[in-house]
Structures are given as C-alpha cells and as structure tokens.
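Participant: Required output: the full structure, derived from the provided sequences and hints.
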Amino acid sequence: MTSVDYQRIYDVVKRIPEGRVATYGQVALLAGLPGQARRIGYALHALPDESPVPWHRVINAKGEISILPDPFFGDVQRMLLESEGVIPDSNGKYALSRYQWKPEHR
DNA sequence: GCAGTGACTAGTA
DNA sequence: ATACTAGCCACTG
1 MTSVDYQRIY DVVKRIPEGR VATYGQVALL AGLPGQARRI GYALHALPDE
51 SPVPWHRVIN AKGEISILPD PFFGDVQRML LESEGVIPDS NGKYALSRYQ
101 WKPEHR
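Numbering (our numbering), first residue to last: 1 to 106.
Incorrect hints may have been included.
Said to hold, decoys possible - As a list, the in silico EDC-like pairs of lysine to aspartate or glutamate whose alpha-carbon atoms are at most 20 Å apart:
| no. | residue 1 | residue 2 |
| --- | --- | --- |
| 1 | K93 | E18 |
| 2 | K62 | D89 |
| 3 | K93 | E82 |
| 4 | K14 | E104 |
| 5 | K93 | D70 |
| 6 | K62 | D75 |
| 7 | K62 | E82 |
| 8 | K14 | E50 |
| 9 | K14 | E82 |
| 10 | K102 | E64 |
| 11 | K93 | D75 |
Treat the hints as calculated values from the structure; they're not laboratory data.
What you are looking at is a predicted structure, and each value in this text was computed from that prediction instead of being measured.
Facilitator: What follows is the structure in structure tokens.
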C-alpha cells in the first residue's frame, strides 16, 4: 500500500526541474532515505501513469535508464527526456556531469 | 516467517 | 573497461 515515504519520494522527484535528471541514490538521500535507492525504484514503479511526478527524470548512477529490460517504459522514458532536451551520448548514456540536477540548498 | 527478487549503489578484482 | 559482491529494505510467494 502506499506508504508515507512514497509520498516523500514523489515530492522530491517533483522538484527536479525540466531538462535535468537525478539519480536514484540522490532522490533517496533528499527524501531522507540514504542508502535505500532501491525503494525509489519501487515507488516509481508503483506510480500511476496520470501522476504529475516526472519519474522519467530519475536514472541510475551510471547515467543510464534502469528500466531498459522493459522495452515499453524504457522507450517512453527516453522519449520524454528527449522532449525536454536531455539527449543521451552516442553510447546511449546520459552525461550526469551535464544533466544531473543540483538542488539549491535554502 | 523465511527466501527470492528488484526502475540501486559503492567497493573490489 | 567489465564482473562479481555485499548492503540496503519493501514486496511477493
């Protein structure tokens, strides 16, 4: 069932600006769940399609889409990122040094 | 309740 | 550079 932590994860993901990406570990850390990157995957997988959460802006630490085994969502994610100006390298990997979101501390 | 699995990561070889 | 391991914890059978 939907846990409160999930809502917290979604809130963090919603803060990722357009044209930027964040890693699972980074989201986990910002959501107050350090070292629990796997939970981010669960939360996003359980996310309904109509959700305002930009789940496609979350990628793994290697700068790749972690859902590649799933041809459908993997393709959807890559398409959504491309529509925001996030283009992968020739390797098919995203340059984190260039696209990774750096949250402003306030 | 235990064992396996997973949209992960960091470390080691 | 790739491959394997351990750690993390919720979900499933």
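Participant: All hints are to be evaluated individually against the structure, with a verdict given for each.
Facilitator: Hints and how they fare:
1. K93 - E18: Distance of about 18 Å is within 20 Å: holds.
2. K62 - D89: Measuring from Cα to Cα gives roughly 12 Å; hence the hint holds.
3. K93 - E82: 12 Å, holds
4. K14 - E104: Holds, at about 14 Å.
5. K93 - D70: 17 Å, holds
6. K62 - D75: Holds - the C-alpha atoms of D75 and K62 are around 18 Å apart, at most 20 Å.
7. K62 - E82: Roughly 18 Å separates the two Cα atoms, so the pair holds.
8. K14 - E50: 14 Å, holds
9. K14 - E82: 18 Å, holds
10. K102 - E64: Answer holds: K102 to E64 is near 18 Å, not above 20 Å.
11. K93 - D75: 14 Å, holds
In this structure, every one of the numbered hints holds.
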